[in-house]
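Q: The chain contents come next:
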Amino acid sequence: MREYKLVVLGSGGVGKSALTVQFVQGIFVEKYDPTIEDSYRKQVEVDGQQCMLEILDTAGTEQFTAMRDLYMKNGQGFLLVYSITAQSTFNDLQDLREQILRVKDTDEVPMILVGNKCDLEDERVVGKDQGAKLAQSWDCGFVETSAKAKINVNEIFFSLVRAINKKNPDTRGGKKSGKSKSSCTLL
Amino acid sequence: MTAIKHTLQKDLFQPNEERLVAFVHVTKAGKKKRSSFLCATLSVAEGMNQTMVYQVKKAEKGEVYKKKMTRYLRDLKVVDGKDARKETADFDLHFEKVYRWTASSIGERDNFIKYIWKLSQRYLDQKPEFLNVPKKLMEESKHVEKGHTSMEGMDVTGIAEDYQALTTKEEQDLDLLMSECQVAISNAEVFAEQLSKQLSVLDGANIHSIMGSEDQVLNLMRLLDDGIQQAEKIEEKLDSYNVILQVVKDQMEVMKDKDTLINISTKNHKKLLDELEHLVVSLDLDMKFQKALADGDLSSSRGILECTEAAKELEKSVSADIHPALRKMAAVDEQQKKFAKISSNFAKRLSHHLNNFFIHQGNELGETLSRHSGDLKLPQHNSIHRDLIPYAELMLWLKNADISNFNELSKVYTQSLSKLYVREVQDFFDCAKLHLAGKGDRSKLGSVGGSFTGSKLSGSSTSLNKYIEARGRSSSVQSIDSVSLSYSSNINVAARHLFDQVLEKVFSELEPVCLAEQDFCCRFFHLVSDLRKDSGQPQEVHDSDGEIWMPLNPKITVERQINEEVRNMLGALFPTLQADIDDFISFADKLDGFNSMYLLVKMSQHVINTQDAGSFLSKTFASSLVRIKRNFDSFIEMQIKAISETKVSKKSKCGIISFVHNFEDFANLAESIFKGSDRHTDLDKGYTKLVAAIFDNIERIAVDHPKTPKEVIRMENYHHMFSVLSTLKISSLEGDKKKAKHKYQDSLTFYTQDRLGRPLEKLHVFIEGVKGYLSQGVKPEDVGYQLAFSKQELRKVIKDYTGKDVKKSLEHMYKKVEKHLSEEENLLQVVWVSMQDEFIKQYNDYEELINRCYPDAKITLEFTINDVLDFFSDIARSH
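Protein chains in written order, with the UniProt record's numbering: chain A, 1 to 187; chain B, 1 to 879.
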């Protein structure tokens with residue numbers, strides 16, 4: 001089974017942990033506790049392939065920025081999360097993306113732009129078009145989500161897995177599944 | 001009409017020797033109001049048969065008429081009367097374009113056209129076309145001619161051109177003339193002769209007078225010539241005056257120019273003077289300053305003060321606002337060179353001095369370091385900072401004056417001090433480790449000192465270490481005995497308390513030193529010049545009382561903005577801090593996993609509540625915190641792994657599995673560590689994982705155990721878990737608590753039922769058979785008629801179970817249950833009561849069934865409920 005190292009990045013309080021926990025355990029965590037670092041493993045099926053996702057939920061607050069380089073070095077795909085209710089969290093992502101590209105030393109890193117808290121339409125500050133525009137300029141996927149209302153939570157992780165697959169096709173698994181689609185793949 | 005005609009003739013045409021022949025009062029067709037007159041005239045001048053058509057307008061004010069349009073009649077191409085038969089006042093005149101008119105009356109129009117026709121007939125070679133004009137207008141003329149000409153004197157025939165109306169004066173003169181000559185009327189011939197005679201006389205007189213006036217004319221001519229000559233002379237004079245005036249004017253202009261030039265040059269002089277004065281003032285450096293800079297004493301505070309003042313003056317002079325052009329002046333150049341020399345000399349002197357100072361301080365403090373190594377203390381460097389702060393202003397000057405020297409100096413500072421800090425920090429952490437390891441086993445104190453790996457290899461000391469190793473393999477072999485190894489053993493409590501203390505100390509030592517250094521760097525190297533003013537406050541607080549440290553008193557820290565530079569500088573000053581902390585963390589973790597919990601709680605307090613999230617210390621701590629969190633996670637993982645690898649002794653009965661026991665201690669300890677911390681969530685996550693693992697492994701061990709029935713293992717362990725979770729009251733484990741209770745109750749009922757199947761086995765089988773029939777639909781009364789379940793059969797079965805037998809078998813069962821159950825959990829009574837209830841329930845069940853199926857047989861069991869109760873209480877009492 002192929003393993004995917006996914007890293008969830010973004011400013012503090014945008015809902016990185018809420019999204020991750022919602023995805024992994026199907027629970028919405030109401031209480032806000034700043035994360036230090038949590039890692040989760042979850043097996044999912046994406047496009048008929050079994051995948052083991054290793055999701056690293058990171059700290060968003062400023063003092064932890066020194067660890068980011070390490071996360072970026074180790075991660076294969078990134079969810080860049082902002083909150084649609086706070087413009088600054090959206091603005092912070094530009095630097096984050098540049099840092100990723102710098103650390104990875106390439107222009108193509110699988111990432112998805114995620115606008116969380118889309119259930120709070122009344123408090124919206126960042127327009128959907130703004131997000132779409134940014135994603136277009138980055139040439140990456142863009143989804144608005146709500147960890148609370150469970151909107152598009154699975155989609156962002158699946159999209160990211162697909163983005164990784166697209167960039168680095170799993171040659172080993174690919175060949176096998178190519179030969180006989182219906183048969184089980186050896187894991 | 002005639003009045004107008006007369007006026008027109010007199011005002012407009014007479015002067016041009018024209019005669020008004022016909023006129024019509026018209027308006028432009030279609031437009032009313034602007035009325036005008038169209039006049040046809042005949043030139044009276046000799047030899048000119050010029051016929052014209054005029055449009056005449058009356059001026060707006062007054063009785064003045066003006067010609068507005070003049071056309072030759074010969075240019076008239078067509079006269080259009082619009083309609084020959086119908087009478088209309090409209091008519092068109094086609095000249096170079098078509099003019100449409102409307103006459104004021106039909107009669108006037110016809111009259112006008114008639115005259116036009118007449119004039120054109122007589123004087124034009126190319127006659128205009130007359131369209132739609134009534135024929136009579138063009139024929140009638142001859143008839144009218146005679147009558148009209150004689151009557152109105154308006155002859156249009158050949159003679160008419162000579163005719164001129166006589167004025168009244170002429171008429172009078174003529175009358176007079178004729179009256180003088182009586183014969184005039186009677187004899188015209190004589191009269192004519194007389195007239196011609198008179199005429200010739202008059203002619204002669206005329207000629208005579210003309211000839212006589214010739215001299216006068218000549219005289220006049222001469223006079224005129226003279227006049228002209230005089231005028232020419234005057235003109236010449238005027239010209240010459242003019243020339244003179246011109247010259248004067250030129251000169252005046254030149255003078256004006258000169259005047260402005262003089263003004264400008266005065267202004268410029270003044271400006272130049274000002275500029276020079278400014279230049280001199282700004283470039284002048286007092287000798288005393290020069291002297292101070294050249295050889296002021298840099299080691300005394302007064303000398304420093306003087307130098308600072310001098311440096312400020314110098315800087316003012318050097319950075320004076322001088323126009324670039326002025327810099328080309330030799331004097332300025334020279335002065336500036338001099339300043340440069342002074343400044344570079346001073347910079348050299350200053351940096352040399354400070355350089356020595358730094359190195360000296362670094363070395364000196366390094367030597368005194370050994371003094372501290374005994375107790376856990378990170379030396380404060382307030383003295384150096386105090387010594388150096390007076391130079392801060394000079395450093396600012398140096399930064400502006402000679403950035404390369406400044407950078408060099410800060411490099412030297414970081415280098416010499418970082419050496420010191422590296423050693424101090426390392427010694428400090430070694431000391432901390434020593435303290436940790438030392439208290440665990442005093443005898444090993446020496447050997448632990450060097451490195452923690454050594455301490456571990458040496459089999460060390462710390463029973464904690466042994467414990468962790470033991471947990472995996474051996475701890476639970478002894479099952480119940482493992483209590484002795486539990487987390488709450490006295491040594492460990494002491495060790496943990498110690499760790500907490502050491503940790504506290506580490507933070508309280510490390511933080512002030514770092515902050516003091518940070519503040520000092522900011523002030524001394526002017527990294528954030530504008531913010532330093534308000535951060536001086538906390539600095540003093542730290543100075544005066546080192547024990548007050550940030551997280552306990554977060555209010556003290558004014559928000560600091562720490563920029564890259566400060567961070568880099570501190571990074572250079574404490575190059576190994578991160579590594580040392582991480583080293584310490586992993587050492588602590590290796591010592592005991594619970595240390596990670598302590599660290600997690602303490603460090604997160606520092607990191608998450610920090611006010612200056614961007615500072616070097618916060619970032620370093622935050623990175624360490626992530627490491628601690630990982631250690632914590634792996635500690636939990638290790639617990640889970642230990643749980644899943646736990647093996648239970650196969651020889652003895654199972655009882656409470658070690659990890660269930662341990663969880664209680666684990667949770668109690670963890671709770672005490674995390675008490676009041678906001679990182680409880682992390683612990684909750686660990687709990688959830690642990691409890692899930694414990695439940696899984698209870699199941700695993702229950703299934704595998706050869707001696708104790710799985711129900712018993714389940715029952716006892718879940719009961720224990722339930723009671724542990726109940727006393728812990730951890731909200732996040734509420735669900736697990738309920739689950740444990742549920743599982744406990746399930747396994748209890750299952751166990752009692754399973755066990756109770758035995759004492760009345762035959763009866764049980766019989767009753768089950770009856771129940772089987774009943775469920776097939778056999779009537780209760782009919783059961784007795786079945787061969788296998790007849791009354792006789794029932795009596796036979798019941799006979800086997802006398803009270804004595806029952807008691808015996810119950811006693812047997814009690815022994816077995818006692819054997820299964822562990823003393824520790826003390827569930828025997830509970831099980832026994834449960835069994836009693838179950839047995840009585842069964843008893844009642846049997847009675848009821850027998851009464852139903854065999855109503856009249858009067859069959860009862862050999863023993864009563866009271867007997868049963870007695871049996872149970874007797875057995876329980878006897879044991």
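Watch out, some of these pointers could steer you wrong.
[What the hints assert, rightly or not] Keeping only pairs whose Cα atoms sit at most 20 Å apart, straight-line, the calculated DMTMM-like set for lysine to aspartate or glutamate is:
no., chain 1, residue 1, chain 2, residue 2
1, B, K737, B, E645
2, B, K685, A, E30
3, B, K685, A, D105
4, B, K689, A, D95
5, A, K31, B, E734
6, A, K42, B, E734
7, B, K807, B, E847
8, A, K73, A, E45
9, B, K675, A, D33
10, B, K841, B, E768
11, A, K42, B, E637
12, B, K685, A, E37
13, B, K689, A, D33
14, A, K5, B, E768
15, A, K73, A, D105
16, B, K685, A, D33
17, B, K316, B, D284
[To be verified] Listed below are several chain B residues computed to face chain A (Cβ distance under 8 Å; list not exhaustive):
no., residue
18, Q605
19, V607
20, I608
21, G614
22, L625
23, V626
24, K629
25, D678
26, T681
[Stated by the list, open to error] Here are a few chain A residues that sit away from chain B, every Cβ distance over 12 Å (derived from the structure):
no., residue
27, M72
28, E108
29, E121
30, Q130
31, D139
32, F142
33, K166
Hints listed in this document are in silico derivations from the structure and should not be mistaken for laboratory results. Glycine is no exception: its CB is placed at the ideal position from the N, C-alpha and C atoms.
Q: If a hint holds in the structure, say so; if it doesn't, say that too.
A: Hints, verified against the model:
Restraint check for K737/B and E645/B: not satisfied, since their Cα atoms lie roughly 24 Å apart, outside the 20 Å limit. Distance restraint check for K685/B and E30/A: the Cα-Cα separation of roughly 15 Å lies within the 20 Å cut-off, and the hinted pair is therefore satisfied. The straight-line distance between the Cα atoms of K685/B and D105/A is roughly 36 Å, outside the 20 Å bound, and the hint therefore fails. For the proposed pair K689/B and D95/A, the alpha carbon gap of about 36 Å is over 20 Å, so the pair is violated.
For the hint linking K31/A to E734/B, the alpha-carbon distance of about 17 Å falls within 20 Å, and the restraint holds. Of the supplied pair hints, the one linking K42/A and E734/B is violated, its CA atoms being roughly 25 Å apart against a limit of 20 Å. A C-alpha spacing of about 18 Å is found between K807/B and E847/B, which places the hinted pair at or below 20 Å, so the restraint holds. Of the supplied pair hints, the one linking K73/A and E45/A is violated, its CA atoms being roughly 26 Å apart against a limit of 20 Å.
The hinted pair formed by K675/B and D33/A meets the criterion: a straight-line CA distance of about 16 Å does not exceed 20 Å. The suggested pairing of K841/B with E768/B holds, with an alpha-carbon distance near 15 Å, which does not exceed 20 Å. For the proposed pair K42/A and E637/B, the alpha carbon gap of about 16 Å is at most 20 Å, so the pair holds. Distance check on the hinted pair: K685/B and E37/A sit about 12 Å apart at the alpha-carbon level, within 20 Å; holds.
As the CA atoms of K689/B and D33/A are separated by approximately 19 Å, the hinted pair is consistent with the 20 Å bound. This hinted pair does not check out: K5/A and E768/B have alpha carbons roughly 60 Å apart, beyond 20 Å. For the hint linking K73/A to D105/A, the alpha-carbon distance of about 10 Å falls within 20 Å, and the restraint holds. The suggested pairing of K685/B with D33/A holds, with an alpha-carbon distance near 12 Å, which does not exceed 20 Å.
Restraint check: the Cα-Cα separation between K316/B and D284/B comes to about 10 Å, which is no more than 20 Å; the hinted pair holds. Taking 8 Å as the C-beta cut-off, the interface hint given for Q605/B is violated, the closest approach to chain A being about 12 Å. Against a cut-off of 8 Å between C-beta atoms, the interface hint on V607/B holds, since the closest Cβ of chain A lies about 5 Å away. The interface hint given for I608/B holds, since its Cβ lies 5 Å from the closest Cβ of chain A, which is under the 8 Å cut-off.
Interface restraint check: G614/B against chain A, minimum CB-CB distance 6 Å, threshold 8 Å, status holds. Taking 8 Å as the C-beta contact cut-off toward chain A, the hint placing L625/B at the interface holds, the least distance being around 6 Å. Residue-level restraint check for V626/B holds (minimum Cβ-Cβ distance to chain A is 5 Å; threshold 8 Å). A least Cβ separation of about 4 Å between K629/B and chain A falls short of the 8 Å threshold, and the interface hint therefore holds.
Annotation: interface hint on D678/B holds; nearest CB of chain A at approximately 7 Å, less than 8 Å. For T681/B, the interface hint holds, since its Cβ comes within 8 Å of a Cβ in chain A; the closest pair sits about 4 Å apart. With 12 Å as the threshold on Cβ separation, the claim that M72/A sits away from chain B holds: the shortest Cβ distance comes to roughly 14 Å. At the 12 Å boundary, the C-beta of E108/A stays outside the reach of chain B, the nearest C-beta of that chain being 28 Å off.
In this structure E121/A is separated from chain B by more than 12 Å, as the shortest Cβ-Cβ distance comes to about 29 Å. With a closest Cβ-Cβ approach of about 27 Å to chain B, Q130/A is found to remain outside the 12 Å limit, as its non-interface label requires. Under the 12 Å C-beta cut-off, the non-interface status given to D139/A relative to chain B holds; the minimum distance is some 30 Å. Consistency note on F142/A: stated as away from chain B, and its beta-carbon is indeed over 12 Å from all of that chain's, at 29 Å minimum.
The beta carbon of K166/A sits about 31 Å from the closest Cβ of chain B, which is more than 12 Å, so the claim that it is off the interface holds.
Checked against the numbered hints given earlier, this structure breaks hints 1, 3, 4, 6, 8, 14, 18; the rest are met.
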